[in-house]
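**Q** Sequence:
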Amino acid sequence: GGFRKVSQGAVLTLDNETGGIRVMLGGRNYQDSQFNRTVQAQRQPGSSFKTFVYAAALEDGFTPGTVRVDQPTQINGWQPKNYTLRFRGPMTLREALKLSINTVAAKVGAEIGADRVAETARKFGIDSELRPILSLSLGVSEVNLLEMTRAYSVFPNEGVRRQPYIIERIENTSGDVLFSKRLNEGERVYPVPYARQMTSMLQQTIETGTAHGAR
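Heads up: the sequence shown begins at 162 in our numbering, then just goes up one per residue.
Just so you know, these hints were derived from the structure itself, not from any lab. Since the model is a prediction, treat every value here as computed from it, not as a measurement. Yeah, the Cβ is synthetic: ideal placement off N, Cα and C, and Gly gets one too. One or more hints might be untrue.
[Stated by the list, open to error] Pairwise CB distance ranges (calculated):
#1 G374 / R292: 23 to 31 Å
#2 P293 / I328: 33 to 41 Å
#3 P293 / S335: 52 to 60 Å
#4 I328 / Q232: 28 to 36 Å
#5 G170 / W239: 30 to 38 Å
#6 Q232 / R343: 49 to 57 Å
#7 S335 / Q365: 49 to 57 Å
#8 V184 / Y244: 38 to 46 Å
#9 N177 / G374: 20 to 28 Å
#10 E329 / T253: 27 to 35 Å
#11 V301 / D337: 47 to 55 Å
#12 R247 / L186: 29 to 37 Å
Please put together the full structure from these sequences, using the hints given.
**A** Structure, rendered in structure tokens:
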């Protein structure tokens with residue numbers, strides 16, 4: 162249903178166990194536009210980038226139950242606001258991610274530092290340049306869909322990053338195998354316990370949070 166009201170869009174799905182790209186849809190119609198939005202479109206990820214703020218925070222000693230206050234906030238002259246323009250008071254990081262609370266993500270990002278957030282995102286597979294500024298926590302640096310999907314796959318892979326690939330095997334007309342993709346074990350970039358905690362937090366976001374429509 163997401164394509165109904167937009168002129169263009171993109172979809173990318175990965176096989177978590179291998180990194181194989183199963184679907185790559187770069188736009189609505191190739192005749193209308195040959196621009197592949199999965200890899201060529203650099204867009205602000207917005208709230209989906211908050212996930213890396215909390216992932217970095219868990220490594221820095223925070224827990225899903227750590228409490229921060231959702232209230233009018235000013236950080237070095239920057240005033241992050243919630244999209245609802247409401248404030249809910251004290252809440253856990255789990256709840257803040259579930260409800261996509263800007264003030265809490267901004268506070269946590271400021272506490273651990275924008276450099277730390279950027280470092281975590283790069284470790285997970287974000288190759289685009291990330292400006293280490295406070296508003297990085299709210300997704301202002303442009304990224305593409307392929308690297309975001311690769312980075313998010315680290316959570317269900319329990320902390321292992323795999324390189325996405327699109328060609329599995331090449332055969333000639335005689336059936337001889339000219340190329341066969343070797344199994345990629347991937348690289349551990351995040352500890353198992355934190356990956357499981359993040360997966361649980363993201364699951365709640367879909368079950369009862371702002372990503373409910375994804376169900």
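**Q** Any hints this thing doesn't respect? Which numbers, in order?
**A** Hints 4, 8 and 10 are the ones this structure does not satisfy, whereas the remaining hints hold.
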